[in-house]
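Residue numbers (the numbering used here), protein chains in the order written: chain R, 47 to 283; chain S, 253 to 636.
Please note: incorrect hints may appear among the correct ones.
[Claimed, not checked] Covered stretches of chain R (chain S as the covering partner; in silico rule of three or more C-beta atoms under 8 angstroms from a C-beta of chain S): (1) 99-109; (2) 127-137; (3) 143-156; (4) 159-173.
By construction, these hints were calculated from the structure, which means they are not laboratory data. All of these numbers come straight from a predicted model, not from anything done at the bench. Even for Gly, the Cβ is constructed at its ideal location relative to N, Cα and C.
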Amino acid sequence: MESEAFIQCREISKSYRKGQAIITPLERLDLDVAKGEFLALMGPSGSGKTTLLNLIAGIDQPTSGRLVVGGRDLAKLSRGELTEWRAQNCGYIFQLYHLVPILTAYENVELPLLLNRSLGRKERSKRVESALELVGLADRSNHRPSELSGGQEQRVAIARAIVADPGLVVADEPTGDLDRDSAAQILELLKTLASDLGKTIVMVTHDPLAAEAAAKTLHLDKGRLSENDKREGVALV
Amino acid sequence: MISYVWILCGLAFKQLTRHRIRSLLTIAGVSIGMFLYASVETMQRSLSVVTEATSEDNTLVVYRENRFCPATSRLPERYVDDIQRIDGVVEALPVQITVNNCGASLDVITFRGVPTESLQNYNPDLEIVSGSYQAWRSRSDAALVGRHFAQRRGLEPGDQFEAVGVRVWVAGVIDSPEAQDNNVAYVHLPFLQQASNVGLGVVTQFNVRVQSPSEMELVAERIDALFASDENPTDTRPEKAFFAQTASEMIELVGFTRWLGLGAVFAVLGLVANALLLAARSRVMESAVYQTIGFSRLAVGMIMVWEGALLGLAGGLLGCLSAGLFFYWNRFTLGNEGLTLALTPSVPVVIYGLLVAILLGLVASIWPALVAARKPIVASLRTS
């Protein structure tokens, strides 16, 4: 079964120094996530959810342990290789959207495609339009973030995360700053990405309602995954 | 690779055009600094053109020994015949010079009295823009006025003007490849000798054209040796060396401006660096997002570097072109001891200024680029 897991975490720990103290948000954590799975990670503040998400997304590296995503051991990649890996394999959705404020929705979504040097302007345009259409914002492509609502901004951020067709999408509290209706739309969209497009989604959330949208939910506390997984299929090693 | 670099340039361009006020203020500052720099460079270049010897120079100036001002250099006009007989001399022109101000001045009026029949032969490149030689020959008080001088004073053929107690009638306006000629008024030698009270038969200097540039030194020695025991000994130097030694006040003044140019360079450097550093600090999160998406640190830094280069390019273009046009339209001259330095704009100065501006933009962007790129992504994302 291990070989089938898209994300494999084996005894991964993460420590960093803060003043004199050494903080260890994650300690000897094991986790498997299958391809195309929509996983929600819950837990109190400081439990290490975002740290785990950042490790899986390749924007941080574990202090020890083995972390394999899509067959690549991220712990062994150099900074440059990790950057390239992120560009090709991972889309990141932030709680506060983090769209580039001076760029239009279209230009924000186009950003990841600019890194693919084999794509011409026409091909980029086609993909951006498809992504914006998927999130229902084709008619807002020329709007800047300041001209969009929070829900619309988050949908643009989702379009940006998927436009380069990565296998993995990570979302850090994607509905944390949205009203209930907008949050429902975003969660529906994430479910569609997993069910229809086969994306593996890892979402960090505080909101039990949001977690319900995921196929599986895990609880993280003090750097360790707890065994209170309600459903079958999540392999806690 | 090239297309990727251009993509980063495009992102930098968007940063600048969509932060319009910040960019316009920075460009305005850069352009003022580069205007000053290009102005200083124009002065320096104009000075080097008239003072730095070249292998094609073939003109000597014979002056009264130990005299440095046209008011005190007095030589007998009859020397011209002796000079013309010296081996290697092609032609000698006696010149009486009268100026309204011997010191360094921005508004100098220079009359050059020359023999009526010699001017055209000695200066075949002089072109009559308006009026005629005929009109000049026909009146004893006639003057051929240099193009820039006429432009500054609003003079046309038929006008009369008076300066230094000399009243002349404008017979024509001349254009010459020599900047000096475009800033003086040529009058008849006997007329100027009388009008300026130096008396007939006395001139300020002789301009001597020699056969070969390699003979300049030898011919100068021969001239000075010929009159060494005369009542009025001479000091003969190549025209450019004469300018460099005689117009010392002006050269000192122009030399000082180099510091202003240096100051302008540092001001531009500081201005662009400050603008970019503020931008980099306000974009910590944005830079982290770029890196999360997959842009490398180098790419994030490159966007900042492009911004610096584009700011330098825009400010430099505006400042250097404005300086070029400013000097082109205003035709400034600096006068000292009867010599005139025309501050002439030139394409090389504009191009050089532009390159300096771009270079300054690049240098100024290095630290901001490091600030934008070196902070770890996770730490930057936490700043929200």
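Hints, verified against the model:
{"no.": "1", "hint": "99-109", "in the structure": "holds (count 4)"}
{"no.": "2", "hint": "127-137", "in the structure": "holds (count 5)"}
{"no.": "3", "hint": "143-156", "in the structure": "holds (count 6)"}
{"no.": "4", "hint": "159-173", "in the structure": "holds (count 3)"}
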